[in-house]
Amino acid sequence: MFKTIFFDGNGVIYERDKSYCNDFFKEMGEKSGFKNTKEAFDLLNEGCKRGRYSRVEVFKKLLQITGLNGDAVKLEKEYFKLKAGSTSVIKEARPVIKELKEKGLKLGIMSNSNFSGKERGEWLINNGVNEFDHVFTSSDFKATKLSPEFPLKAVKKIKCKTKEAILVSHKLSDFIGAMLIGMDTMSIGVKLSTTYNVKSIKLIPSLLIKENLI
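First residue of the sequence shown: 943, per the working numbering; consecutive thereafter.
Accuracy of the hints is not assured; some may be wrong.
What the hints assert, rightly or not - Once the Cα atoms are required to be at most 30 Å apart in a straight line, the calculated DSSO-like pairs of lysine-lysine come out as:
#1 1133 x 1152
#2 1113 x 1084
#3 1113 x 1098
#4 1040 x 1105
#5 1103 x 1060
#6 1113 x 1016
#7 1043 x 1133
#8 945 x 1033
#9 1060 x 1098
#10 1101 x 1152
#11 1043 x 1103
#12 1016 x 1002
#13 1113 x 1060
#14 1141 x 1152
FYI, nobody ran anything at the bench for these hints, they're computed from the structure.
Input sequences plus hints: build the corresponding full structure.
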């Protein structure tokens, strides 16, 4: 029986408007005369997701590719300010969160983010979502979800047994750390090698009830 459900943040509970990203890279491309700035970043960002290098290193490489002078750390901070300002709560997630909370479950977020869990938690509350008991980010634990360190520290922090928690996301890379510590996992919208699979976040409550998991 699960006592706590952890959700990935971006793409599951909230999402960002992609248009700001295109504008950001278009501007960099125009300044550098390098027309394929976004394509270059996408390749670098993929390496970052796979853990080959950090986000700051991505910006260092991007500056090198475009031939622009600048501070990669400052550039990264400006990028994430834009990212935060373009983020909104996913509409269909709201009733699910409320229903799960009403069933007595503890709700948490595990997110790879440059923002702290406190900052992300405050953002959720300011956007009308106050059901989450715990919000943890990679910045809090200095580890991403690719590492078992992140989920292990999260369950220890809330004094929960590994088998009493489950992680919900839509990307295989988000589950690696959780799988390594034996935590159950649930994928949304795509069939992965997770413990459970659902087509939509709206189906989570019925699945948990059907399988006697809560």
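Verification of the supplied hints:
1. 1133 x 1152: Within the cut-off at roughly 19 Å; holds.
2. 1113 x 1084: holds (20 Å)
3. 1113 x 1098: Between residue 1113 and residue 1098 the Cα gap is close to 24 Å, so the pair holds against 30 Å.
4. 1040 x 1105: Holds: residue 1040 and residue 1105 sit about 23 Å apart, inside 30 Å.
5. 1103 x 1060: holds (23 Å)
6. 1113 x 1016: holds (29 Å)
7. 1043 x 1133: The hint holds at about 26 Å.
8. 945 x 1033: holds (24 Å)
9. 1060 x 1098: holds (18 Å)
10. 1101 x 1152: holds (27 Å)
11. 1043 x 1103: holds (19 Å)
12. 1016 x 1002: Cα-Cα ~11 Å, so holds.
13. 1113 x 1060: holds (24 Å)
14. 1141 x 1152: The hint holds at about 15 Å.
The earlier numbered hints are all upheld by this structure, with none contradicted.
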